[in-house]
Amino acid sequence: MELKVRYFGQLTELVGKQEEEIQLQSNRVSDLKETLFQNYPILKKHSFQIAQNNQIIGEQTKLETTTVDLFPPFSGG
Amino acid sequence: MRHQQIPEIGTVGQERLANASVLVVGAGGLGCPALQYLASSGVGRLGIVDPDTVELSNLARQILYNESDLEKNKALCAQEKLKQLNPSIEIEAHPFALNHTNAFSLIQKYDLVIDGTDNFSTRYLISDCCLLLDKPMVYGGLFKFEGQVSVFNYQEGPSYRCLFPNPPNLGEVPNCSETGILSVAPGLIGLYQATEVLKIILGIGNPLSGKLLSIHLLTQKQVLFEFQKNPTEIERVKTNKNPLPSSIQDCVLDFEISLKDLTKEEALHWIDVRKLKETPRLKLPKLTEMPLEKWKSVELFRSDLTKKILFCQSGKRSKMALSKMKAQGIENCFCLKEGAEVLKKWSEEL
Chain A
571 MELKVRYFGQ LTELVGKQEE EIQLQSNRVS DLKETLFQNY PILKKHSFQI
621 AQNNQIIGEQ TKLETTTVDL FPPFSGG
Chain B
25 MRHQQIPEIG TVGQERLANA SVLVVGAGGL GCPALQYLAS SGVGRLGIVD
75 PDTVELSNLA RQILYNESDL EKNKALCAQE KLKQLNPSIE IEAHPFALNH
125 TNAFSLIQKY DLVIDGTDNF STRYLISDCC LLLDKPMVYG GLFKFEGQVS
175 VFNYQEGPSY RCLFPNPPNL GEVPNCSETG ILSVAPGLIG LYQATEVLKI
225 ILGIGNPLSG KLLSIHLLTQ KQVLFEFQKN PTEIERVKTN KNPLPSSIQD
275 CVLDFEISLK DLTKEEALHW IDVRKLKETP RLKLPKLTEM PLEKWKSVEL
325 FRSDLTKKIL FCQSGKRSKM ALSKMKAQGI ENCFCLKEGA EVLKKWSEEL
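In order, the protein sequence lines correspond to chains A and B. The numbering of the first sequence is the working numbering, which starts it at 571 and goes up by one. The numbering of the second sequence is the working numbering, which starts it at 25 and goes up by one.
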């Protein structure tokens, strides 16, 4: 499946883009993560959440949309 | 006050504000605007926690302060300014860092807490205490041109740990002073936090519980993410009855020690975390050489009740080592502010 991934915060700098289209073998979140880790090994060291339809999803959720959002924890100050 | 003309607020709402108390942890970029509006809105009692002093680089976004305030403690300085703004409310300054010994009793004295901190250890500490004390925590986060806002522990809603179960690793997420920040970003996010506080006190609208508002100022795009309560994470904190050790993982400031604070008589256990080939090597009465990259277990320190001091070449690795010790619950350990060179001179003078 084709999926648009939108990045937030520091993730945009780690992957070097705001958003991109990626190809996935399945609609599993684990597949999405594996693909991202393959493309950007640095992401393995960073925590982030994944949302579809503005709902934060876990490993077990099936991807049903064409766009997902990835956001990391933000610092403050 | 114009508030009272709004039927949703009225005199009853204004009285609610007067009877409410809010603790603002961090009187920086987020805390300043939030404090100003909470004071001017007539919130009856405000507490301000901040150990830091005003620096020139703060002034662009920490708008309570001006050049004549440089070097002053932020909590005390903010208290002074806010008293001028609204003399009819109580303003309490706590000019020290929130830590695991004072957090509980301090947070207990207020109805809710604004998280205006610049570090994850304090944020997790606030989060765990608020969860255990059943107080709402109004969170604000920043990254350059972006911000996040949410409300945790509101009417048994999700907690910060439901979103991010554990603090990031040391250095994983940079703070504002490392990345830089658009001056207005904390202003806007701080005001979103103040808005959530007013909504909660007044009982109007829908506080951002179980929702994370994400704002990008360059595109003005906003996204409202929704998330669920994670019972495992809530239970983890509740069964511990205290903030989890991870909340002090990178809370190194309170555990940084300088040679001038140490005396000759004191029994100390020195731990050198540098690589074995790094010089100068030191000769100290009780010394363990334990290069950081080879750390597997810190168990051998668990039964050692002596004051343990970690050191390295510059003070950076010893901080990382300290956070590992703290995360494992090793007591009475500190990291040395100075590096090995200075320590060598100090030990030779003894």
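Derived from the structure by calculation, the hints contain no laboratory data. Worth double-checking, as some hints may not be accurate.
Said to hold, decoys possible - Derived coverage of chain B by chain A (criterion: at least 3 residues anywhere in the stretch with Cβ under 8 Å from a Cβ of chain A; other residues may be distant): (1) 140 to 148; (2) 313 to 324.
Unchecked claim - Here are the simulated lysine-lysine pairs, DSBU-like style, with alpha carbons at most 30 Å apart: (3) B:LYS159 <-> B:LYS320; (4) A:LYS614 <-> B:LYS105; (5) B:LYS369 <-> A:LYS615; (6) B:LYS307 <-> B:LYS262; (7) A:LYS632 <-> B:LYS245; (8) A:LYS615 <-> B:LYS301; (9) B:LYS368 <-> A:LYS587; (10) B:LYS299 <-> A:LYS614; (11) B:LYS235 <-> B:LYS288; (12) B:LYS320 <-> B:LYS348; (13) B:LYS301 <-> B:LYS348; (14) B:LYS262 <-> B:LYS361; (15) B:LYS265 <-> B:LYS320; (16) A:LYS615 <-> B:LYS105; (17) A:LYS614 <-> B:LYS307; (18) A:LYS614 <-> B:LYS159; (19) A:LYS614 <-> B:LYS253; (20) B:LYS318 <-> A:LYS615; (21) A:LYS632 <-> A:LYS603; (22) A:LYS615 <-> B:LYS253; (23) A:LYS603 <-> B:LYS235; (24) B:LYS265 <-> B:LYS284; (25) B:LYS235 <-> A:LYS587; (26) B:LYS265 <-> B:LYS235; (27) A:LYS603 <-> B:LYS105; (28) A:LYS615 <-> B:LYS368; (29) B:LYS369 <-> B:LYS318; (30) B:LYS288 <-> A:LYS615; (31) A:LYS632 <-> A:LYS574; (32) B:LYS262 <-> A:LYS615; (33) B:LYS301 <-> B:LYS340; (34) A:LYS603 <-> B:LYS265; (35) B:LYS262 <-> A:LYS574; (36) B:LYS318 <-> B:LYS253.
We put the beta carbon where it would ideally sit given N, CA and C, even for glycine.
Going down the list of hints, with the structure as the test:
| no. | hint | verdict |
| --- | --- | --- |
| 1 | 140 to 148 | holds (count 6) |
| 2 | 313 to 324 | violated (count 0) |
| 3 | B:LYS159 <-> B:LYS320 | violated (38 Å) |
| 4 | A:LYS614 <-> B:LYS105 | violated (45 Å) |
| 5 | B:LYS369 <-> A:LYS615 | violated (38 Å) |
| 6 | B:LYS307 <-> B:LYS262 | violated (45 Å) |
| 7 | A:LYS632 <-> B:LYS245 | holds (26 Å) |
| 8 | A:LYS615 <-> B:LYS301 | holds (28 Å) |
| 9 | B:LYS368 <-> A:LYS587 | violated (48 Å) |
| 10 | B:LYS299 <-> A:LYS614 | holds (26 Å) |
| 11 | B:LYS235 <-> B:LYS288 | violated (54 Å) |
| 12 | B:LYS320 <-> B:LYS348 | holds (10 Å) |
| 13 | B:LYS301 <-> B:LYS348 | holds (23 Å) |
| 14 | B:LYS262 <-> B:LYS361 | violated (35 Å) |
| 15 | B:LYS265 <-> B:LYS320 | holds (28 Å) |
| 16 | A:LYS615 <-> B:LYS105 | violated (43 Å) |
| 17 | A:LYS614 <-> B:LYS307 | violated (40 Å) |
| 18 | A:LYS614 <-> B:LYS159 | violated (34 Å) |
| 19 | A:LYS614 <-> B:LYS253 | holds (25 Å) |
| 20 | B:LYS318 <-> A:LYS615 | holds (19 Å) |
| 21 | A:LYS632 <-> A:LYS603 | holds (13 Å) |
| 22 | A:LYS615 <-> B:LYS253 | holds (25 Å) |
| 23 | A:LYS603 <-> B:LYS235 | holds (23 Å) |
| 24 | B:LYS265 <-> B:LYS284 | violated (36 Å) |
| 25 | B:LYS235 <-> A:LYS587 | holds (25 Å) |
| 26 | B:LYS265 <-> B:LYS235 | holds (26 Å) |
| 27 | A:LYS603 <-> B:LYS105 | violated (49 Å) |
| 28 | A:LYS615 <-> B:LYS368 | violated (36 Å) |
| 29 | B:LYS369 <-> B:LYS318 | holds (27 Å) |
| 30 | B:LYS288 <-> A:LYS615 | violated (42 Å) |
| 31 | A:LYS632 <-> A:LYS574 | holds (15 Å) |
| 32 | B:LYS262 <-> A:LYS615 | holds (28 Å) |
| 33 | B:LYS301 <-> B:LYS340 | holds (18 Å) |
| 34 | A:LYS603 <-> B:LYS265 | violated (34 Å) |
| 35 | B:LYS262 <-> A:LYS574 | violated (39 Å) |
| 36 | B:LYS318 <-> B:LYS253 | violated (38 Å) |
Going through the hint list in order, the structure does not satisfy hints 2, 3, 4, 5, 6, 9, 11, 14, 16, 17, 18, 24, 27, 28, 30, 34, 35 and 36.
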